[in-house]
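Please dock the two separately framed chains into a single complex, following the hints provided.
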Amino acid sequence: MSEATMVPDISRTVQKWRKKRGSLIMALHEIQNAYGYVPRNVSLQLAQLMDVPLARIYEVITFYNYFRLEPPGKNVVSVCMGTACYLKGAKERENEFCEQLGVEEGETTEDGQVHLQSVRCVGCCGLSPVVVVNGETMGKIGPEDVKSIIRKCREEH
Amino acid sequence: MSTCGIAAGAEPVYRALADAVRDRELNIEVRKTGCVGMCSMEPLVEINVDGAPRTMYGEVGVDAALRLLDEHVGRKHVVPGFQVPGVDQLGFYEEPGHDPKAKQHRIVLRNCGIIDPTHIEDYIARGGYQGIKRALAELGPEGVIDEIKKSGLRGRGGAGYPAWMKWSFARKAEGDEKFMICNADEGDPGAYMDRSVLEGDPHAVIEGMLLAGYAIGATTGFMYVRAEYPLAIDRIENAIRQARRLGLVGKNILGSDFNYDLEVRLGAGAFVCGEETALMASIEGKRGTPWPRPPYPAEKGLWGKPSNINNVETLANVAPIIRNGGAWFAKIGTKKSSGTKVFAVTGKARHSGLVEIPMGTSLREIVMDVCGGVPPGRRVKAVQTGGPSGGVIPEDKLDTPVTYESLQELGSIMGSGGMIVMDDTDGMLDIARFYMGFCVEESCGKCAPCRIGGKQMMNILDKIADGNGTPDDIILLKRLARSMRKASLCGLGQTAPNPVLSTLRYFMNEYEEKLLQPV
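Residue numbers (this note's numbering), protein chains in the order written: chain A, -18 to 138; chain B, 17 to 535.
Bound-form chain B, shown alone (with noise of 0.2 Å):
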C-alpha cells in the first residue's frame, strides 16, 4: 500500500479481501505493508498461510483477490498465472543472508513490504528501535559516532561524504542549541526510493533521526519532506506520534536525560531545496537559495546554529549499524564504498521497481538479472544514474561495479539512486535537452553561471537538434559547461552540464549527424 500500490488499484483489492475474510469468517489477517520494490507488477499480494506455500501474486485485480482466497487459502495450493514470475531468480524480496545467489541485499529495505507501516509495534517486534537503546543504555554519542566511523558509511544523498566526519564536525561545534535535518526533498526525477522508505517503514528513519541527533547533541530534528508525497507525509507524522507516546520522541528519551523533538516541515516543488544550504532557508521560512559555504551547516547551519543533514537513505541504515555493529556494516559492499544501495530502476527497464544491492554489484547484474533488461526486440542502449545531476553510461561500460569512484570516472554519479534504463530508440540529445530544460527551469537564479549558463547551453542544444548547429557549437558547449562547473555557487549549477558532458564523450555520433557539416 504505497503511492505505486495505490495507483495500480491496490485499495480495492484490499478492501475486498479484507471484506470476504469477515464475511467467510477466516481466521486470517489481511495487513497492509509499504512497497515491496517490485513496482511495475502491483497490485502485488503475498499470501502466506499455514499448509500452503507462501506465495507473492502479481497484477491482482478485485476478482483474482477472491479467487487467490478461493483457491491458495482453501484448497492450499499456488494459483497458476499469477505467481510473480521468476521472483527468485530476479533476486526480488530476498532477506539479507538467505540466499547466496541473491543479487540483493536489504538493510535500507530491510522492512518495506513485510511490516505494516502505521504500527509501532511491527517495527518494534524487528528489532526496531533496538540501535536507540543501545546508545543510550551502552555507547554514548562517541560511541555512536565511532560505530558510525568503523561502518564506513558514506552519504546515499549523492556526494558519498563520510557519515561519521559529518557528525563529527557537528558535535564538536559550539552552540547553545544544534539541529539535525532529514532531507526528504526528493526531487530528482526518476528516483523513488526516499518515498518508499518513508511510506513503508518511517520509524526506521525516525530512529535514524534519533540516534544521529543524539551523536551531535541536538534538541530539534526536522524531517524536510517534499510535499508532492502525501502519503509519505502522512505516514512519517502518524510515526511520530506513535513514538512520542512510547517516549522515543520528546523528553527524557527512554528515562535517559536526552530531550529531543521531531518536527515535519514540507518543501514547495523547488529542486534546489535538496541542496543544504538552500534546505535550510527553506525551512527557515525564505525562498529556497543557496548560500556559500563556507561555513558549512556543522558550524553555521539553521538560524545561524550548527546543524547536520543527511538524506533519508542514510539515516535508514544508521539503526541496524548502531544494532549490530559498524564492523557488521564494513562486510559488506566494498571497501571504500561500504554497505548496500537501494536503486530505483526505471525507463525501458523489463522489471521497474525498487532495488537494494551491495556495493559492488556490476550495472549489468543490476539491469539485467535483477531486473530482467529491456523487453525482447530491443536492446540496452545505456543507463543513466545521478538525475540532472549525473550522466549515461553506455552499454560497454556496464560491466562497471557500482561504487562512489567507478560511476565519477566515467563521467556519471551515484546520484540518489534513480537508475533510468534507455534503449536504442531513445537518442541521447534528447535526453540532454530533457535534463538541461529541467536545470533551466529549476535554477533558483541567485548565481549567473548557473542562471545563464543553463539557458545558453539550453539555446545551442535547442539549436543543435533543429540540424542549424555548427562544430563551433560544440565548442561552445564544452566550454560553457567548464564555466558553470567552476562557478556555480551551488551542486545544482555546478552538475547541470553532466549529462551533456557524458552523452557528448559517449554519444558524439548522435551530435555529429545533426550538424551542418561533420567535425
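In isolation and in its complexed conformation, chain A is listed as follows (with noise of 0.2 Å):
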C-alpha cells in the first residue's frame, strides 16, 4: 500500500469521524476494513488529524481482540471455540488445522498465504463446528473439510 493511496482514505474517516463523540473505535474499524490491519503511520495521523495522543490509540487497539497491529496472511481461517463448536469438535479441527498447515493459532503460514486464528463465538451454534474462510462462513465442518478449506485458500489466490 502506497502512502498516496493512503492519505485521502483516512482524511476521509477522520472528517466523517471527527466531530461525533466517543469514534476513536468507528475510525479504527474503518481504517482496519481498508488496510486488513491498523498500520502504525496510519495510527500516527490518525493521532495528528484528530488531535488524539498516539498512546491513546494504542491503549484502545491492543484491548480489543478485533484490531490487528501486523497484516493478516492473505487468507484467513478462523476457527469458531464458542461452547457449541466446542463441544463438537472444533478444538480436534483446529489441530487438524495447524498440523495441516505448520503453524500455531494465531500464526500465518510462511508464505504468507494463510492466517490460522480461533474465534470466540460467530453466534452460529445451529451449524457447529463453524469455520470462517475470509468472511465466508460454513458450518458443520468434518475433518474432511479441512483439507479442501486449505486447498481453496492456496488456489484462489
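If you are wondering where the hints come from, they were derived from the structure by calculation, not from laboratory data.
The beta carbon of each residue, even a glycine, is placed where N, CA and C say it ideally should be.
Restricting the straight-line Cα-Cα distance to at most 20 Å, the calculated cross-link-like pairs of lysine to aspartate or glutamate (DMTMM-like) are: (1) A/K0 with B/E279; (2) B/K494 with B/E526; (3) A/K1 with B/E253; (4) A/K0 with B/E193; (5) B/K302 with A/D32.
Which bits of chain A does chain B cover? Going by a derived footprint, with three or more residues having C-beta under 8 Å, they are: (6) 60 to 74; (7) 90 to 103.
The structure is reproduced here in C-alpha cells:
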C-alpha cells in the first residue's frame, strides 16, 4: 500500500468521525477494514488529525481482540471456539489445521498465504462446528473439510 | 437469509429459485426472510402458494429447490423427503395462540422468518410502529413506563431487573441530555438470539429503542453491536435509514415534539463490554473497562449523563407490550417471570436452533419435546445455561420450570439465553476448564480478584486434569471462587466461578476420579 493511496482514505474517515463523540473505535474499524490491520503510520496520522495522543490509540487497539497490528495472511481461517462448536470438535479441527498448515493458532504460514486464528462464538451455533474463511461462514465442518478449505485458500490466491 | 442460513448455502438456493421463477414467468414472489429458528436444518424453504398445502422444507439444495418448484408449485403436492420432520410436534414455527399444544409462543420472534427484514413495509404490515404511535398519541412517557410496569417485563440480558424500574430512575434523573443504549454485544459463547432478532426483525428493536428513549426522555439512542455480526450491522443500519426516511427517527417523530436520533457503534471483540459500565466506556471510545457502581448509569452514565441500557431481546418485547397493553403480557409466563424467553439450544441437541417459550416451561420440555433430545444411543447428561456466568444443570433437575429464581436456586442463571445440551460423552471438568479459560482471556485486568483469581483457578483445574490434584485443591478452588464472587468489580469476575462451582456441586465424582487421593 503506497503512502499516496493511504492519505485520502484516512482524511475521509477523520472528516466523518472527528466531530462525533467517542468515535475513535469507529475510525479504527474503518481503517482496519481498508488495510486489513491498523498500520503504525496510519495510527500516527490519525493521532495528528484527530488530535488524540498516539498512546491513547494504542491503548485502545491493544485492548480489543478485533484490531490487528500486523497484516494478516492473504487468507484468514477463523475456527469458532464457542461452546457449541467446542463440544462438537472445534478443538480437533483446529489441531488438524495447525498440523496441515504447520502453524500454531494465531500464526500465518511461512508463504503468507493462510492465517489461522480461533475466534469467540460467531453466533452460528446451530451449524457447529463452524469455520469462517475470509468472512464466509461455513458450518458443520468435518475432518475431511479441513484439507479442502486449505486447498481452496491456496488455489484462489 | 440469516447468517446460519447463508452459511448453510441459502444464497445459491435463493438465486436459483428467483431465476427459475422469472424464466418460467410464474406469478409467485420469492422472498428472503430472517432466521426461522431451525438452524440445524438450514437452508429452509417455505412454500405458500394457492391450492397447495403451506409447507416448510429443510436442508434444501439448488436441485431440491427446483424440484420443489416443479412438484409443489407445479403439481400442487407436498414433496416427500424434504419436509422438515415433525415441525408441528416440535412446536417450531407456531404463531402465538394458534395451537394450544404448541410449546413455543413467539413474541420476540414474532416476525422472524416471516417478514423480509430489509423492508420496513413488511414490519408495518404486521402492526409495526403502532406502539410508538400509541405512546405519542395516548400514553405519554409516564404512561409507557406504567404499561411496562403492568407487564412485569424483566431484563432479558441476564440479571432480570424490572425494566420499568430502570426506565423510571433514568426518567427521574436530572440532566440536560439523556441517552438510551441498546446492548447488542452478544459475546456469550453459544448464544445468538440477539443476532437473529437484529437480522430477522431489526425494526422491532428500533421501535423498542424509540419507546424506551421516549419514556426516559432521551435525545439520542446508541445501538452497540458486535463487530463479529456484519449482517446484523447491515440490517440495523438499513432499518435506521428507512425509519428516518419515514419520520420515525429524527426530529418531530410522527408529527410530535419528540426528537430522537439513533446511531450505531461497533464493539471490537471484548466480552467484558457486555457489562453496562464497560459498554459505555467503549462507546466513549476508550478501553472497555468497567467502573464501580454506584453511581448507576441512570444517574451518571455515558459521558456522565443519565443513561439507560437494555439488551436486544428486552427491547424487542417492548412494542407488543405497548400495542397490546401490559396486562396482556403479564398473563403469559409465571407471576414473577412474565412473558417468554428465547433460548439458543445448541450443543448435542438433535434439533438445535432458536426456541421461544413461555416462562415456566420446564427445561425438559424445551430439550426433549421442542428440540428432540440428543441423538439416538446417547443420554442427556446436563444442560448449561447462562454461558460463562452460568452453570450446569444435571439431568435429574430438568423438570425445573424456567424462571429467573428457579435457575438461580440450581446454581445457574437465566443469562442471555444460551442453552447447551451435553450428553454422556462430555466431561464436566473439561467444561469447567473451557469456561474458566474464556474468563481468564476475557478479563479486562482492571481488578485483581478477577485477573489473578481466574488465573489461579485455571491453574488448579489444569493440575487436577493432569492427574496431579489433591483434595486440598478442591478446598482452594472453592475459596478462590468465594473471593472472586465477593470482590470482583463487575459481573464478569463475580460470576466467572459459577461453571466451576456448579460442576463441583453436581459432578464432584468426575473431579474425584482425577484426584491423587479420594476425598
